[in-house]
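Now for the letters of each chain:
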Amino acid sequence: MLKSWKFWAVVAVIGGLTAMFASGFGHDPKLVPSPLVHRPAPGFKVTELNTGAPLSLESLKGTPFVLNFFASWCVACRDEARLLESAYLRWGQDPSKLRVIGIAIQDTPEAARAFAKRYGKTYYLALDDAAGDVSLNYGLYGVPETFFVDAKGIIRYKQIGAVTPEVLEEQIPKLIASREQP
Amino acid sequence: MTPMSHQRRLRRLVLAVAALLLLAVLAGPAWGLSDREIDLRVQGITEMLRCPTCQGISVRDSEASFSQQIRAKVRRMVEEGQSDDDIKAYFVSRYGEWILRAPPAQGLGLVVWLAPLGALVLAGGLIGWRLYRSHQNPTERLHQEDKGSLTPDQRERIARDLQRFEEED
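Chain order of the listed sequences is A and B. Just so we're aligned: 48 in my numbering is position 48 of the first sequence, and the numbers increase by one with no gaps anywhere. Just so we're aligned: 169 in my numbering is position 169 of the second sequence, and the numbers increase by one with no gaps anywhere.
FYI, nobody ran anything at the bench for these hints, they're computed from the structure. On a predicted model such as this, the values are computed, not experimentally measured, just so you know. A few of these clues could be false.
As the list claims (entries may be wrong) - Under the rule of at most 20 Å between Cα atoms (straight-line distance), these lysine to aspartate or glutamate pairs were calculated in the EDC-like manner:
id, chain 1, residue 1, chain 2, residue 2
1, A, Lys174, A, Asp94
2, A, Lys158, B, Glu97
3, B, Lys88, A, Asp133
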């Protein structure tokens, strides 16, 4: 029986299908690699939630930044809110060294402000427009998502889901170091 | 009318026609599209795009916030006169090939497109082969199958017996 080609054909088909399903079940369908990583960050123009101060990609030229998309209705955004604030207090006090930016999506200014107040966010916060232009330009699947952009304006890393202390510790020093690289 | 004023009027007419032509070019393919035609194009394009926050649903069929924003963006792009390919390319540049519900007919995607055809040809070939074998003369089949395992004497005896059975029938 072991010599029969039919036996080995059946083994090959079953083996192939098992490998395919095992590989499929082992992947989170949401973790799709972004084509934007290692490419220039898409442009954006926003205004600060409280002060109305404008901010655009052009105005950040030469400054690395962490761009976090969040929403007041998002549970995972609560988990990372204080982490991002800590990162801002630790690395983002000098705006020429690093900027930490939060953009609320599919939200209202009032809800976004209340969320920021509740979780003690003091870094630059803005609201995406109703059309969601910034979210779509950054290829968002949901919130939270965070982009780490170096001094040359290249997206170096994208975090899907809440950021972790490990991710911040690993990515932010690299962004800051990119200022000195030719 | 003096020849000078005639020339001036002619120049104005040429300029007006040129301005109209320029406007038509700038307006692009959306120029003259009715609301119904725009709706149909938006529906066609959004049917090809995958809802980012759902499982296996097109942007057209989904009521998720992201899908609504994508539909609105596609509509704006159609109204601006962008082609279907331009619009698809924009979303692929942001979300990757993942956003397309059907894989592109090139590279690895081509394998996915050709696999069902390959399976069909293979299945057809197998069925054809089995039918051909079932219609073959039993003596001839026996010769082919047992060529390696039977001695010439044994094959001759079996053929003789088969011949006898057929004659008895």
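Item to check | Contradicted hints - numbers only | outcome: none
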